[in-house]
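Q: Start from the sequences and build out the full structure, keeping to the hints where you can.
Residue-level listing of the chains:
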Amino acid sequence: MRLVLTIVFVLGLSLPVLGADEPNSTKEIPDVQTIVNKANIVAYYQGKDGKAKVKMIITNKQGQKRQHEFNILRKDDEDGGDQKYFVYFQKPPDVRKMAYMVHKHADPKKDDDRWLYLPDLSLVKRIAAGDKRTSFVGSDFLYEDVSGRSLEEDTHELIETTDELFVIKNVPKQPDTVEFSYFNLSIDRKTYVPMKMEFYDKQGELYRVIESKKVEKIQDFHTVVKSVATNLKTGSKTEMEFSDVKYDINLKDIFTERYLHKPPREAIR
Amino acid sequence: MIRHKTITELLAIWVVTFACLPHVALSNDENTQGSFFSKLPIELHGFYEARGGYRLQNDRYEKDMSIMENRLQLDISSYPDWGDLKVKGDVFGDLVEEKADFDLREANISASPLDFMDLKVGRQILTWGTGDLIFINDMFPKDWQSFFIGRDTEYLKAPSDAAKVSIFSDWANLDIVYTPEFDPDRFISGERISYWNSNLDRLTGEDAIVQADKPNQWFKDSEIAARVYKNISNYELALYGYHGYWKSPAGQNAAMSRAIFPDLNVYGLSVRGAVGKGIGNLEVGYYESADDLSGRDPLINNSEMRYLLGYTQEVARDFTMGLQYYIEQLLEYSRYRDSLPSEPARDRERHLLTLRLTKLLMNQNLRCSLFTYYSPTDKDVYMRPNINYKVNDNMAVEIGSNIFFGDYPHTFFAQFQNNTNMYIGLRYSF
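Same order as they appear, the protein sequences are chains A and B.
Counting from 1, position 122 in the first sequence corresponds to residue 122 in my numbering; the numbering is continuous, with no gaps.
Counting from 1, position 330 in the second sequence corresponds to residue 330 in my numbering; the numbering is continuous, with no gaps.
The hints are simulated quantities; they were obtained by calculation from the structure and are not laboratory data.
Heads up, the beta-carbon is just placed ideally off N, CA and C, and yes, glycines get one too.
Accuracy of the hints is not assured; some may be wrong.
Here are a few chain A residues that face chain B, going by a calculated C-beta distance under 7 Å [said to hold, decoys possible]: (1) Gln67; (2) Gln90; (3) Pro92; (4) Asp94; (5) Ala106; (6) Lys109; (7) Asp113; (8) Leu121; (9) Leu123; (10) Ala128; (11) Asp131; (12) Gly138; (13) Asp220.
Stretches of chain B that chain A covers, calculated by requiring three or more beta carbons in the stretch to come under 8 Å of a beta carbon on chain A [what the hints assert, rightly or not]: (14) 164 to 178; (15) 392 to 398.
Computed list of lysine-lysine pairs in DSS-like fashion (alpha-carbon distance at most 30 Å, straight line) [unchecked claim]: (16) B:Lys230 <-> A:Lys173; (17) B:Lys359 <-> A:Lys233; (18) A:Lys61 <-> B:Lys230; (19) B:Lys277 <-> A:Lys125; (20) A:Lys110 <-> B:Lys277; (21) A:Lys109 <-> B:Lys277; (22) A:Lys125 <-> B:Lys63; (23) A:Lys262 <-> B:Lys379; (24) A:Lys97 <-> B:Lys359; (25) A:Lys125 <-> B:Lys230.
A: If you want it as structure tokens, here you go:
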């Protein structure tokens, strides 16, 4: 199971977003590199740790639904640096009590370290690094949507500025490594929360959209609490809802084999 | 022919199953906050499973039916502030052995009495080591019978009645597992699975069930297993020690009428970590056959060295490949040859290559996998193809096979060739 990637997602979308709530119109427009850097930092590195309950509903073209529920814990080694995730699955029943742990490395040349705990076998399994554009637990979110795509992999161009949003066009430097030709990222001007990602295929047609549907301010952090990924080609969509979000909970270093065997209370509840 | 008693037993199982299912299903439903279970500080989960399979050839010594069972597993856990409680057990009706039974898989308490200490006491499933379906330093009991007849892989691990103490420090971590009464493997005995009987020099099965003398005195016939481990930059290093018995029969009494579990000590080490785009692992163990250190006793296994090298990588999207090379090396081989009462002899070294292929399809709801053991020295093969489809969040169906073949009738896997079987299963989890 590709639990792994999920984690990252939470980071990307549910993590706190700091931002000064100042009016934009009067402000100068920063250059594009500043915007993407800030959005990246805001989306992935706010708060020193955090937790959330995640509910994911996958609906295919025929209307059949699958539901995943898991708790996620995150701790940053340092802002902008390495991070650790602990995911504890609660649904569906066949993956209940499985735990998934990631040591994410900021260095793009270094693969993340991942472990999966299988409770029925009491087995701590090491998982090989995988293709980052693979579906996360069979959903419409890809590992890379969740973990964040390295800024180094694309060129960035500010193509539109509205009262609310900066729209950035991102073109991959190595187009043959990905299935899209480019994607547009809309960033909230006030909070720097990523609000929408639109992916265009090699023919230039829009085929995947990820939207932040609901943003709440939690402990001063702007947090995406609901997002939806839609695949226009397959007709499938995945909703992801975050609840019970808390930041700066003073997590101990629970990202070790010890806690795979005996998940911390923060993960179970 | 099914006996009348068996039918009654099976009926009882069905009744229990269906009496329980609605409750557990309800307890899992968010809309039933007022239900009985939701008021207790416990979680109740489990599954109901039906599984059936047949041999694909005749076996003179066994039934055609290789597996035919209904199984209800209940898994109850509670998390009071001071620790975790868990009870998990299976009620099942088995048409092959014509019986109904209960298999208590876990019943344990775990707690952290000190910041740097975890404790788990009771019946529990224990695992360590780095091999994939190959075990060197994992001396906890295995259920080979379940493995070969096509039960879920979960059942390869048999429970231990043990106390596990874990101590954590910056320097290293230590696990000690004490098992007061020896827990052997659920080994191949001729029940359900035919095997090569070296005393009779032919394949046998239900006609020659292995009669084993298990060391069975509490505290006297105990086992102790320890592991010291440390993670250095996500390379996991471990040292292991074990003092106990060969887990499956590894000798015979003087009259050659009973199988025995001679004393065994194991010392080993392992390392696991990222190598290139994948995960590499290396594990070594020295098996000291303490009742026959000289290797001269023809009735007791000689000491061995065991080596394992493995590598796993995702080779394409949702497609994983794992390779392992494993060697068992008999020590004191010339003494073994000299004292051997009859041929065929084992080779000095048994080499084994394994290949795991796993492909996920249909939004990862369909998993196709094939695990193959191939021994170039024994010239035999064991293949485990399996296709599992998740119909929805609760229901899964699977079909699979256990295929054994080889050039000689007595080698490790080839001896099971008349047990080659195919099975289907349906599981409803809640």
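Q: Against this structure, judge whether each hint is valid.
A: Going down the list of hints, with the structure as the test:
{"no.": "1", "hint": "Gln67", "in the structure": "holds, 6 Å"}
{"no.": "2", "hint": "Gln90", "in the structure": "violated, 10 Å"}
{"no.": "3", "hint": "Pro92", "in the structure": "holds, 4 Å"}
{"no.": "4", "hint": "Asp94", "in the structure": "holds, 5 Å"}
{"no.": "5", "hint": "Ala106", "in the structure": "violated, 15 Å"}
{"no.": "6", "hint": "Lys109", "in the structure": "violated, 12 Å"}
{"no.": "7", "hint": "Asp113", "in the structure": "holds, 4 Å"}
{"no.": "8", "hint": "Leu121", "in the structure": "holds, 5 Å"}
{"no.": "9", "hint": "Leu123", "in the structure": "holds, 5 Å"}
{"no.": "10", "hint": "Ala128", "in the structure": "holds, 4 Å"}
{"no.": "11", "hint": "Asp131", "in the structure": "holds, 5 Å"}
{"no.": "12", "hint": "Gly138", "in the structure": "holds, 4 Å"}
{"no.": "13", "hint": "Asp220", "in the structure": "violated, 31 Å"}
{"no.": "14", "hint": "164 to 178", "in the structure": "holds (count 3)"}
{"no.": "15", "hint": "392 to 398", "in the structure": "holds (count 4)"}
{"no.": "16", "hint": "B:Lys230 <-> A:Lys173", "in the structure": "violated, 40 Å"}
{"no.": "17", "hint": "B:Lys359 <-> A:Lys233", "in the structure": "holds, 23 Å"}
{"no.": "18", "hint": "A:Lys61 <-> B:Lys230", "in the structure": "violated, 48 Å"}
{"no.": "19", "hint": "B:Lys277 <-> A:Lys125", "in the structure": "holds, 16 Å"}
{"no.": "20", "hint": "A:Lys110 <-> B:Lys277", "in the structure": "holds, 10 Å"}
{"no.": "21", "hint": "A:Lys109 <-> B:Lys277", "in the structure": "holds, 11 Å"}
{"no.": "22", "hint": "A:Lys125 <-> B:Lys63", "in the structure": "violated, 37 Å"}
{"no.": "23", "hint": "A:Lys262 <-> B:Lys379", "in the structure": "violated, 42 Å"}
{"no.": "24", "hint": "A:Lys97 <-> B:Lys359", "in the structure": "holds, 23 Å"}
{"no.": "25", "hint": "A:Lys125 <-> B:Lys230", "in the structure": "holds, 16 Å"}
Consistency note: the structure conflicts with the earlier hints numbered 2, 5, 6, 13, 16, 18, 22, 23.
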